[in-house]
Amino acid sequence: MTNYIIRRFIVAVAILFASIIGVSLLIHVVPGDPVIMMIAQNSNPSPEQIENMRKALGLDRPVWEQTVIYLGKVLSGDLGRSIFGSQSVAMLLFDRLPNTLALAAAAMVIATGIGLPLGFFAAYRQGTWIDSVLMVGAVLGVSIPQFWLGLILLLFFSLTLEWLPVASGDYRSLLLPAVTLGVTYSAIIARMTRSAMIEVFTEDFIRTARAKGLPEALVLRRHALKPSLIAVVTIIAVVFGYLMGGAVVVENVFAWNGIGRIALESINRRDYPMIQGFILVFATVIVLISILIDLAYAWLDPRITYR
Amino acid sequence: MAATAPPYDPTNVAAEELPRTRWWRRTARNRSIWLGGVLIAVLAIVALLAPVLAPYDPTKLAAGKRLSPPSWEHAFGTDEFGRDIFSRVIHGTQLTLYVGVVAVGIGLLAGAAIGIGAGYAGGWVQAVLMRGVDFLYTFPDILIALGLVAFLGPSLTNAMVAVGISVVPYYARVTYSVVLVERNKPYFEAATAIGAGWPRLVVRHLLPNIVPPLIVVATLGFSAAVLSAAALSFLGLGAQPPAPEWGKMLADGRNYIARAPWILVFPGLAIVVTVLGFNILGDGIRDVLDPRQRREVR
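The listed protein sequences derive, respectively, from chains R and U. Per my numbering, the first sequence runs over residues 1 to 307. Per my numbering, the second sequence runs over residues 1 to 298.
Check the hints yourself; a few may be wrong.
[To be verified] Covered stretches of chain R, going by a simulated chain U footprint (3 or more residues, C-beta under 8 angstroms):
id : region
1  : 141–153
2  : 269–282
3  : 286–293
[Said to hold, decoys possible] Listed next, the stretches of chain U that the computed footprint assigns to chain R, with coverage defined by at least 3 CB atoms under 8 angstroms from CB atoms of chain R:
id : region
4  : 83–93
5  : 96–110
6  : 150–159
7  : 232–246
8  : 253–263
9  : 268–282
These are calculated hints, taken from the structure and not from any lab test. Bear in mind that the values here come from a model prediction, so they are computed numbers and not experimental data. Where a beta carbon is used, it is the ideal one built from N, C-alpha and C, also for glycine.
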């Protein structure tokens, strides 16, 4: 068990290392000269200014050296400086990170709150009309673009009914983006839960439990619950990754002040250090969550011995 | 036909003739395949005939007709520049299907090549390729696509390429797992033993096994690719004005939705119908091809 945790941790560190290296190399896929792309947007720079900028960003060095330097800086907590106003990228991002995490957490609660019971119920009543109706709803749910659902909710609840503010920055403005993300991911969760639960319900130990005459409630509670928890943990892990991706889009629909918004701003301004920073922060959050999920998995599943 | 009948092959009788007829019967009886297939066929026809079907030029401005509601003249109303939304939605079908085909094509070809290369070569090639795939698989595709577009620069082509690259891990993983299973089967060993070279092994023995699962992944992946690309265009990182791309139309019209909700409704519905069509078709094909799933449904 301890060995497993250590090994999993090493893999996670390797993924983070690879992310940092990958992100430092990304600037070289920019068509043309990245320094000119950045600096030439609002002023007509002199060749000197361009050279200074190139030096400041370390782009005058060989690629491998840039990568090593970037790696060293990131490991010491320095994500570089925004090319606008030269604020620290790390500071700007960590300022917004709580907002994005709050949105993701709220959306996760809504998504599991809707998706799990419905998926469970559909599996339990597998093949009946209830199952069919729920699954048609789920296919519809995964086919709706989040930004469109977001705009519709915005139109309906903020502009027409005026129940909710368009943007205020408090918990009320969290509600619509969280519902938007939550509803779309609840459909994915319902589909995944259903197929996982169908597998559990066809297990031999469930049939045995029923055959020996246990009341159905007891079969569900004592035999079906734990294996389904394992499935649920796996599902949550997968969906959380998607959710972080969706948050970038939905934050920009609702002007929710998280990392997704800063990300789009910096993409539009070609603020490359900022873009690299946001990708790294997202990568780190996703890897950390996947470690947590792995630990939960190891703790829940008695069938697997971790050597 | 009879003249080209293949030589009698005892291993083929059981493996091909009987299941294949059953397979087609199942396909023909599957409601999802019919529904999804018809939806997509209609979309493809609309895309092909767009110039004929659209009553107006999708990019033509008409200052006097800004934000007019749906009417006989403009079935879906007009947008903030007086452009006919019906014509724009119809022309948008071309863009959306094109984006989907290119993105899925990139993912499919690169993914299959990586999966076959890794599974067939083994050793360090396999280790390097699959570690890379696993690495990309850790992150949601929209984030990978977003990161790539951020550096490539906003354009429809870059968005297609970025979405295509972001989905490579799915195709690579499926291909790789099939290759691993097949290459350890006796028939594969036998083929190797009688001296079949790698092109024959790959084309004759691996591809027929890889194609069915890839069809499922590609059909379902088409909807994912369409959603990602529409999201990128919505964020202003994909299609550029005046292209009638559905995501972009929603983004441009968002400031007018209170006054002119039809701007919001129709491009969005178009995305839903397209994505839904591919999702339903993909679910149906999976039910037919995946025996495990089939037992569950019964």
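Against the structure, the hints:
Restraint check on the region 141–153 of chain R versus chain U: 9 residues with Cβ-Cβ distances below 8 angstroms, three needed, restraint holds. Counting residues of the region 269–282 of chain R whose beta-carbon sits less than 8 angstroms from any beta-carbon of chain U gives 4, enough to reach three: the coverage restraint holds. Counting residues of the region 286–293 of chain R whose C-beta sits closer than 8 angstroms to any C-beta of chain U gives 3, which meets the bar of three, so the coverage hint holds. By the rule of at least three residues with a Cβ nearer than 8 angstroms to a Cβ of chain R, the coverage given for the region 83–93 of chain U is violated, with 0 such residues.
Counting residues of the region 96–110 of chain U whose C-beta lies closer than 8 angstroms to any C-beta of chain R gives 0; at least three are required, and the coverage claim is violated. Counting residues of the region 150–159 of chain U whose beta carbon lies closer than 8 angstroms to any beta carbon of chain R gives 5, which meets the minimum of three for the stated coverage. Using a Cβ-Cβ cut-off of 8 angstroms, 4 residues of the region 232–246 of chain U lie near chain R, which meets the minimum of three, so the contact claim holds. Counting residues of the region 253–263 of chain U whose beta-carbon sits less than 8 angstroms from any beta-carbon of chain R gives 4, enough to reach three: the coverage restraint holds.
A stretch counts as covered by a chain when three or more of its residues have a beta carbon under 8 angstroms from one of that chain; for the region 268–282 of chain U and chain R the count is 7, and the coverage holds.
Checked against the numbered hints listed earlier, the structure breaks hints 4 and 5; every other hint is satisfied.
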